[in-house]
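Protein chains: 2
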Amino acid sequence: MDERLILVTNDDGYASKGLAAAIEVARGFGRVVAVAPETTQSGMSQAITMYSPLYLRKVREEEGLEVYAFSGTPVDCVKMAFDYLLREERVGLVISGINHGSNSAVNVLYSGTMGAAIEGSFYGCPAVGLSLDDHSADADFEAAVLYGKRIVGEVLAREVDLPLCLNVNVPVGKPDQLHGIKLCRQNRGFWREEFYRHEDPRGREYFWLTGEFVNMEPGADDTDEWALAHRWVSVVPVQTDMTDYRQLKKLGGIFGE
Amino acid sequence: MDERLILVTNDDGYASKGLAAAIEVARGFGRVVAVAPETTQSGMSQAITMYSPLYLRKVREEEGLEVYAFSGTPVDCVKMAFDYLLREERVGLVISGINHGSNSAVNVLYSGTMGAAIEGSFYGCPAVGLSLDDHSADADFEAAVLYGKRIVGEVLAREVDLPLCLNVNVPVGKPDQLHGIKLCRQNRGFWREEFYRHEDPRGREYFWLTGEFVNMEPGADDTDEWALAHRWVSVVPVQTDMTDYRQLKKLGGIFGE
Numbered sequence: 165m166d167e168r169l170i171l172v173t174n175d176d177g178y179a180s181k182g183l184a185a186a187i188e189v190a191r192g193f194g195r196v197v198a199v200a201p202e203t204t205q206s207g208m209s210q211a212i213t214m215y216s217p218l219y220l221r222k223v224r225e226e227e228g229l230e231v232y233a234f235s236g237t238p239v240d241c242v243k244m245a246f247d248y249l250l251r252e253e254r255v256g257l258v259i260s261g262i263n264h265g266s267n268s269a270v271n272v273l274y275s276g277t278m279g280a281a282i283e284g285s286f287y288g289c290p291a292v293g294l295s296l297d298d299h300s301a302d303a304d305f306e307a308a309v310l311y312g313k314r315i316v317g318e319v320l321a322r323e324v325d326l327p328l329c330l331n332v333n334v335p336v337g338k339p340d341q342l343h344g345i346k347l348c349r350q351n352r353g354f355w356r357e358e359f360y361r362h363e364d365p366r367g368r369e370y371f372w373l374t375g376e377f378v379n380m381e382p383g384a385d386d387t388d389e390w391a392l393a394h395r396w397v398s399v400v401p402v403q404t405d406m407t408d409y410r411q412l413k414k415l416g417g418i419f420g421e
Numbered sequence: 165m166d167e168r169l170i171l172v173t174n175d176d177g178y179a180s181k182g183l184a185a186a187i188e189v190a191r192g193f194g195r196v197v198a199v200a201p202e203t204t205q206s207g208m209s210q211a212i213t214m215y216s217p218l219y220l221r222k223v224r225e226e227e228g229l230e231v232y233a234f235s236g237t238p239v240d241c242v243k244m245a246f247d248y249l250l251r252e253e254r255v256g257l258v259i260s261g262i263n264h265g266s267n268s269a270v271n272v273l274y275s276g277t278m279g280a281a282i283e284g285s286f287y288g289c290p291a292v293g294l295s296l297d298d299h300s301a302d303a304d305f306e307a308a309v310l311y312g313k314r315i316v317g318e319v320l321a322r323e324v325d326l327p328l329c330l331n332v333n334v335p336v337g338k339p340d341q342l343h344g345i346k347l348c349r350q351n352r353g354f355w356r357e358e359f360y361r362h363e364d365p366r367g368r369e370y371f372w373l374t375g376e377f378v379n380m381e382p383g384a385d386d387t388d389e390w391a392l393a394h395r396w397v398s399v400v401p402v403q404t405d406m407t408d409y410r411q412l413k414k415l416g417g418i419f420g421e
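For the protein sequence lines, the chains are A and B, in the order given.
Here the working numbering is used: the first residue of the first sequence is 165, the next is one more, and so on.
Here the working numbering is used: the first residue of the second sequence is 165, the next is one more, and so on.
I should point out that these hints are in silico values taken from the structure, not numbers from a laboratory.
This one's a predicted model, so the numbers in the text were calculated from it and none came from an experiment.
There's no promise every hint is true.
Listing some non-contacts, in silico: residues in chain A with all C-beta distances to chain B over 10 Å [said to hold, decoys possible]:
{"no.": "1", "residue": "167"}
{"no.": "2", "residue": "191"}
{"no.": "3", "residue": "369"}
Dumping the calculated BS3-like pairs for lysine-lysine here, alpha-carbon to alpha-carbon at most 27 Å [stated by the list, open to error]:
{"no.": "4", "chain 1": "A", "residue 1": "181", "chain 2": "A", "residue 2": "222"}
{"no.": "5", "chain 1": "B", "residue 1": "414", "chain 2": "A", "residue 2": "313"}
{"no.": "6", "chain 1": "A", "residue 1": "313", "chain 2": "A", "residue 2": "338"}
{"no.": "7", "chain 1": "B", "residue 1": "222", "chain 2": "A", "residue 2": "413"}
{"no.": "8", "chain 1": "B", "residue 1": "313", "chain 2": "A", "residue 2": "413"}
Cβ atoms here follow ideal geometry from the backbone N, Cα and C, with glycine treated the same way.
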């Protein structure tokens with residue numbers, strides 16, 4: 165039997181500590197090809213690069229591992245991997261992450277990590293987005309790697325239905341400080357911004373986004389936000405039919421059909 | 165009663181013909197403030213700018229209309245409008261578009277137009293994304309403006325439940341060539357890429373995304389893709405809970421809970 169091939173990507177860039185952690189998770193399960201952005205692409209959502217050429221370079225190669233840096237978005241990296249680099253191969257799993265910062269609740273929509281995971285799930289294999297609730301560059305990924313391995317192991321061992329895309333968020337803490345894995349739904353909420361204003365060295369006013377998350381259901385204990393806050397590793401399966409079926413019914417009275 | 169305030173944005177940039185068309189739609193219903201990207205932001209999805217300062221400038225002002233160019237993404241524009249420029253005002257509606265190119269099916273996930281519309285729906289008013297199935301810079305927006313006015317008029321005249329976000333796509337053609345409005349669900353499908361490869365003037369190989377949409381349900385007549393292809397204006401209500409509830413149930417056997 166051919167060895168399993170795993171695609172790893174992220175949004176923090178090929179040189180981030182989180183990519184190394186994701187590769188560590190993946191290597192236990194097969195041969196690894198990583199295609200990650202040249203530069204940080206946090207908050208890039210499911211963006212694609214339509215109006216610029218993109219450059220690819222191999223940055224590392226050793227037994228069972230190749231790492232490429234690609235000058236596009238996280239989704240561009242996934243497309244480059246499936247539709248060019250690995251076109252003739254069968255990819256068994258996509259891992260995106262491990263992100264420096266959580267992607268719970270509505271962050272799934274803004275996250276480049278989850279954008280890439282979602283894109284991966286369009287290619288006929290399971291996709292797992294892994295995020296750690298710590299933005300620092302030298303975050304401690306021990307628990308995230310441990311739980312990443314456990315979750316990926318389960319996904320690969322079972323007969324899971326496709327498409328399958330998991331949004332996994334790991335709280336800060338050593339493994340023995342976490343309670344375990346909790347299946348959740350996406351917490352409802354949104355961000356409100358406080359624009360930081362300042363003058364640049366040329367005297368032009370600039371703005372910088374700084375937001376605060378508004379949790380619309382702080383009491384609900386079945387959400388990813390709750391799980392994270394209570395030291396559980398949250399797992400939310402993600403789908404991509406954005407249709408609002410409740411509104412679809414209600415609007416029938418207005419627009420016919 | 166105060167005059168209604170409408171926020172207009174897009175992803176093709178403040179100078180695009182589509183923005184002028186969206187402003188034309190909006191002006192029939194109240195005072196208009198437009199905040200649109202400085203440059204084209206197609207394919208930017210729900211991306212936000214986290215690591216750069218952003219610049220704002222007013223590019224036009226006349227009775228009942230102000231237009232701003234903002235150096236960020238479409239979602240940044242919406243945040244700038246609600247959380248800074250219009251912080252003290254009540255916005256009654258967001259219109260994003262009119263996009264040069266359709267945003268049916270899975271394109272809702274990649275689209276900067278729809279990213280902005282979705283973001284707008286987080287601020288307590290209805291949001292309408294308008295797209296025309298024609299990528300050309302000098303596309304004919306006559307039918308899109310007509311149907312845009314009709315749909316916005318219905319949304320504002322009725323007691324709609326919030327959140328409400330509509331993904332409206334208008335086929336190419338004169339108004340009398342279109343059948344009318346069709347409420348739809350999002351078509352299932354995905355893109356496969358053919359990477360265009362070439363050498364730049366310095367001899368470095370580059371890649372450029374060129375994709376093809378794979379329709380997973382070409383026969384289904386209740387989808388936006390079908391409607392567009394059959395000269396109907398498609399209206400898909402969009403929601404933002406990405407939780408895959410079917411998988412949530414199935415995965416209970418693997419991850420407990």
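Checklist entry - What hint numbers does the structure not satisfy? => result Checked against the structure, the hints that fail are numbers 3 and 7, while the rest are satisfied.
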